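Given chain V, put chain B in place with the hints provided.
Heads up: the sequence lines are chains V and B, in that order. For the first sequence, position 371 (counting from the first letter as 1) is numbered 371 according to this note's numbering, and the numbering increases by one without interruption. For the second sequence, position 110 (counting from the first letter as 1) is numbered 1110 according to this note's numbering, and the numbering increases by one without interruption.
What the hints contain is simulated information worked out from the structure, not anything from laboratory work. The structure presented is a predicted model; accordingly, all values stated were derived computationally and were not measured. A few of these clues could be false.
[Claimed, not checked] Derived list of chain V stretches under chain B, where covered just means 3 residues or more per stretch with a C-beta under 8 Å from a C-beta of chain B:
1. 29 to 37
2. 126 to 135
[As the list claims (entries may be wrong)] Using C-beta positions, here's what the derived DEER-type ranges look like:
3. B/E1056 / V/H71: 29 to 35 Å
4. V/G316 / B/W1050: 37 to 43 Å
5. V/I72 / B/S1104: 19 to 25 Å
6. B/H1055 / V/E29: 15 to 21 Å
7. V/I72 / B/E1061: 24 to 30 Å
8. B/E1056 / V/K275: 43 to 49 Å
9. B/W1050 / V/R281: 35 to 41 Å
Ideal Cβ placement from N, Cα and C applies to all residues, glycine included.
Letter by letter, the chains look like this.
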Amino acid sequence: MADSRLMRNVSIVGTSSLKQFSFDQPEWEGYSMYEPWACAVSQALEDANIRPNDVEKISYSQFAYFPTMGHICAPVNYLEEWAGLAGKPISHIEQACASGYIAFTEAVQAIASGEYDVVLVAGLECPKFFVPIDEPAYRVKPLSEYKEFWHPGVALFDCGYARFDGASDILLPDENGFYYKEFYGLKDEAFIDEAYAHMAINQRRGAVRNPRSLDYGSSKDYSEVAKDEGFSSDVEYLLSPKNYKITQFTRKSGAVMHNCAAGALVLMSDEAIKKYGVQNRPIRVIDYAASSLSPRKPWCFHNMNVEVRKQLDKNGFFKPEEMDLLITTCMSSGEQTDSAEVFGYVPEGQGLQYEIDHRTAFDGDTPINPHGGDCQWGHAMGCSGVNMLSEAVFQMRGTAGDSQVQKDIKKTLVRGMGGGHTTVGIILQNA
Amino acid sequence: MSYKLQPILKTYYEGLEEGKILGAKCSECGDIAFPPLPVCQACGSVDFEWVELPHELILKEIRWEDASVGGDYTWRKGNMFFSVPITEDRYCAAVAQFDVAGSSPFHVPLYGCTEENYQEMRKLLPFKVDVKLVEHKKDFLTVGAKVRQAEIDKANAAAGVEA
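So here's chain V without its partners, still in its complex pose:
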């Protein structure tokens, strides 16, 4: 009996390990986006024991390329050259922060269909910097100096109706808080606040131990931060004005970071794994599903999760009780809770309590985002999907180091969201 919806086995056999970064970090002075891209691709190819010429197709993800790469449309050919891949067929996926996940599913389809055996998925993003159109690409400048209009948040929203309704774009971060109030009858908003504080603690513990996180080496557990700031506990600090609220329910510690990144994964068929003598444990793709909805209507995040769950259920290869790990986009605290509940990873209405009980920490029994997630580890928009999948691979191989989940991982659900308009669910299984 088939254990996967795919017509052919597709496995992840190589990944990059480049950390999240920012051009204002001293070690990145003098670089352009092309060097980290080349590095990430080379790392993934080396991990998969292949050379550039062995790649048959590339699926590349990047969202904010136009201003940030120097007013260039789809620099596919130049990116290929930098990675030694000139001449290969390449697709550019632009679907906001879901780009990486969609690029991945396109790559899976390319192999599952029988058309290819070795496909590279690679992502790139530098959201807070831009390249002037009349200077070499290593002269990156902060986005604050960009004279044209560019605001990724506003650029995502409907220019027909919703851009002018003044409401749609600001309601997404608080959706889960309002959901708990409306559907679970929660009256005490302080409970949500406290739960999100514990979520931040759990996530930060993973991030400070993960060498690929943006602030690795400089950020500390919140218990230490609290002490430095003169608070008696991490929770007290996180509920103080020092960790100010940016919306009704979301505090600064529960809001997405934005940084630069490059990342890559190598996908192969079983035949290619044998041909290239891949030594790494293959991480098989069992199933995937996607949905897109408009944030003009209430409960957009939640309803996209519901749609993806419905598809996975219909396909018949997803069993929540079999998932050992959840890695999910977490643009704001509530997104992690809603995703965990809708996909049955935690019981409905219990997600917040799981955070308070620290069960979702990397060393808890129901780990979620052990690397730290978007709010503590880093988030590079169109590249983030590739990075999240890489973190899933490290965890499933047992090579995530100090933030390694403390149990065997047979199956992982990687759930990604982008733009407030696309959600993807991907089921991975250890071979």
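Same frame as chain V, now just chain B:
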């Protein structure tokens, strides 16, 4: 050998400021990437060394596109919207190559070729030209090519162009 993360673009452009034209020579197969790239375009190796290239090129083709005429898609657009050279000299598109084993042809802006003489100049191909380091308004250099006087004189004479 694993990929070694290092600045490529900055090294190249700073080299030009010092009068050096840098390429990347593959340590495995000897192929030279110009402009430099960190992965060999021929064999995929990430093991390369910086090499200094000569200030002389072999001109292989002249692809005349009048850079001053409105509607021209390539060179005029580049000139107007992107890296704007300080010089007002007219140029056309050409294909040249360093006379170094392992190098490959590349597109280059060519100075010294005019609408009046380019057809006669084509009959002289291939011939050697000098590298011209083009100065840009945002204070950086790029590699161009300039026809030597001998070839300009020959082409002008054949075309009946007065000196």
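Right, here's what the structure says about each hint:
no. : hint                         : result
1   : 29 to 37                     : holds (count 6)
2   : 126 to 135                   : holds (count 4)
3   : B/E1056 / V/H71: 29 to 35 Å  : holds (34 Å)
4   : V/G316 / B/W1050: 37 to 43 Å : violated (56 Å)
5   : V/I72 / B/S1104: 19 to 25 Å  : holds (23 Å)
6   : B/H1055 / V/E29: 15 to 21 Å  : violated (30 Å)
7   : V/I72 / B/E1061: 24 to 30 Å  : holds (26 Å)
8   : B/E1056 / V/K275: 43 to 49 Å : holds (45 Å)
9   : B/W1050 / V/R281: 35 to 41 Å : holds (38 Å)
Checked against the numbered hints given earlier, this structure breaks hints 4 and 6; the rest are met.
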